[in-house]
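Number of protein chains: 2
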Amino acid sequence: MSTPVSELCCSPVLAGPLPPEAAADLAAALKVVADPARLRLLGLIRSQPEGEACTCDLTEPLGLSQPTVSHHLKVLYEAGFLNRERRGRQTYYRIAPNSLSVLCQALDPSAI
Amino acid sequence: MSTPVSELCCSPVLAGPLPPEAAADLAAALKVVADPARLRLLGLIRSQPEGEACTCDLTEPLGLSQPTVSHHLKVLYEAGFLNRERRGRQTYYRIAPNSLSVLCQALDPSAI
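Taken in order, these protein sequences are the chains called A and B.
Here the first sequence stands for residues 1 to 112, numbered as in my numbering.
Here the second sequence stands for residues 1 to 112, numbered as in my numbering.
It should be emphasised that the hints constitute simulated quantities derived from the structure, not laboratory data.
Check before you lean on any hint, since a few could be wrong.
Distance condition first, Cα-Cα at most 30 Å in a straight line; then the derived DSBU-like pairs of lysine-lysine [claimed, not checked]: (1) B:Lys31 x A:Lys74; (2) A:Lys74 x A:Lys31; (3) B:Lys31 x A:Lys31; (4) B:Lys74 x A:Lys31; (5) B:Lys74 x B:Lys31.
Based on the sequences and whatever the hints tell you, model everything.
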């Protein structure tokens, strides 16, 4: 997807029919998290000490291969749900602030 | 999907890695709304007089064919995002209470 999730228009879905482009952007962001492994990855990263994790911290708890975990991390990073930082030979990931909250605001029925 | 959205376990995603089954249920519910036409349909239904609409109210504003709109309504209904009521020859749809709010609660980063 081209628009990072933090820059999405966050009009509430129920306030009226979203303009087509906003609906496409929001749907693309929702598709990224509409995956069981990615949902579990987000929770696992957030619950690590300091709220950050490298790929090696994540494969065993999820029971997934390193290439699979790396793929999901890349998709989440490119959509704006994760930040990352290279230190030595490892890349550390953490939850990007204002990423999941944008989705939550858009879906919140009490926001209208 | 088998579990209606209103009956999903709504543990916050970021509280820790979701159990596999809860992650699969939540991902399935998110996939249902991760579609631009369905997101627009939800807003359009909610903004109709009385908060309800039949298929005939929805095709023109969305620029979609009647079979396409009917398909999306069926998917949203079966996942628990819409309630429906047959009156005469028409079926009327409205937003199911506690459907989008379950997703919002699960994604809310401030809930942990």
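Status of each hint after checking the structure:
1. B:Lys31 x A:Lys74: This hinted pair holds, its Cα atoms lying about 19 Å apart.
2. A:Lys74 x A:Lys31: 14 Å, holds
3. B:Lys31 x A:Lys31: Given that 30 Å is the threshold and the Cα spacing comes to 6 Å, the pair holds.
4. B:Lys74 x A:Lys31: Status holds; Cα separation ~19 Å.
5. B:Lys74 x B:Lys31: 14 Å, holds
Violated hints are absent here; each numbered hint is respected by the structure.
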